[in-house]
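First to last, the protein sequences are chains X and V. 1001 is the number of the first residue of the first sequence in our numbering; add one for each residue after it. 84 is the number of the first residue of the second sequence in our numbering; add one for each residue after it.
Worth flagging that the hints you see were computed from the coordinates, not collected in a lab. Careful, some of the hints might be misleading.
Said to hold, decoys possible - Straight-line alpha carbon distances no greater than 25 Å define the calculated DMTMM-like cross-link-like pairs of lysine to aspartate or glutamate that follow:
hint : chain 1 : residue 1 : chain 2 : residue 2
1    : X       : K1092     : X       : D1127
2    : X       : K1162     : X       : D1129
3    : X       : K1002     : V       : E286
4    : X       : K1002     : X       : E1033
5    : X       : K1002     : X       : E1026
6    : X       : K1002     : V       : E199
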Amino acid sequence: MKELVLIPIALICAVMVVGLQQVTHERIDANQERFEHQQMIAMLPDPNETISQESTLFRTFKGSQPTGLIVQATTDFGYNDKISFWLAVDLKQEIRGVSVIRHRETPGIADFIEGQWLDQFQGASSDNDWNTSSGDFDNVTGATITSNTMITGIETALRELKESSERDAQ
Amino acid sequence: MHSSSEIIRNGLWTNNPAMVQLLGLCPLLAVSSNFASAFGLGITTLVVLTASNLVISLIRGVLQENIRLPAQIMVIATFVTLADLSLQYWFFDLHQRIGLFVALIVTNCTILGRAEMFAARNPIRYAVLDGLMMGTGFLLVLLVMGTIREILGHGTLFANFSALTGLPDMTLNVFDGRFLLITLPPGAFLTLGCMIALKNWIEGKQQ
């Protein structure tokens, strides 16, 4: 039964590894992030340029067929703070959906930007009339700034997405 | 029985792990293309080897023949993991360069070799001294190879050493040429081969 001495040895080893992992993992993650940021900065020739994360791009597929893009966009002109949202488009650059991820709009008054109000943008494209007062999309009374910001923000994101896809195609 | 001076001479010269036993060549050849990486992996190996020798000598009394190897590998793997995490904690940039080979230290035959052949049969103080000397012997070979290959292959010395260790920059630009072969794996074999030949030549003269 002397072989059983392996069990305490294994336990001590496991405790040591897990313990150190617990102690170190936060700073290691921070190190990793700092490293990735440095690698990004290294691509910019001008030392005065700064980076802020405004958008993230994902490609969507059905099987191996591309179906479109999802982009994370941020508008700076919310009533209280920035509003970040996902924007999904199909291959014709028509909107498949909008979904707000992060905002600090007034609770109760601006709740609509998390709900069905966003459905009106489905199928819209840059051909629509994006004018905030006379265009194709409804505002919400009492939350004009939030509504206008969302309409303008979605249009801007859509336009930038289209421009960058056209650049890619060339 | 072993004497301390015999252990020291064994590790550094007579029985040098890299030049005589030819163990641990994978990391040796892979990271010795510049001084900074060679230094980083050499020190890590030295620490792991000494620590595992210490612990294995410490528990040698309770280990039977049939479970000795699994216990030794477990101890070594633990120390390698601890070293890996510590490197990521304090020297992340260094870890980016040699990280792959840090995990491979566990398969470095030098370490299991010393554990089985020496630490499992000798008292703690000799085991620690053996770990230190074998590790230093390995480190010295790495440093010599790193120096030769960086000078010939890149024309510099100590490049990136400051970024990895936090010391002030001391990159030396030795010359402008670049001898590509030396930075590639065959160059590592050629360099090691020349070093072994030189060692044998010196020993032949002494006799």
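Right, here's what the structure says about each hint:
{"no.": "1", "hint": "X:K1092 - X:D1127", "result": "12 Å, holds"}
{"no.": "2", "hint": "X:K1162 - X:D1129", "result": "16 Å, holds"}
{"no.": "3", "hint": "X:K1002 - V:E286", "result": "46 Å, violated"}
{"no.": "4", "hint": "X:K1002 - X:E1033", "result": "47 Å, violated"}
{"no.": "5", "hint": "X:K1002 - X:E1026", "result": "40 Å, violated"}
{"no.": "6", "hint": "X:K1002 - V:E199", "result": "19 Å, holds"}
The structure shown violates the earlier hints numbered 3, 4 and 5.
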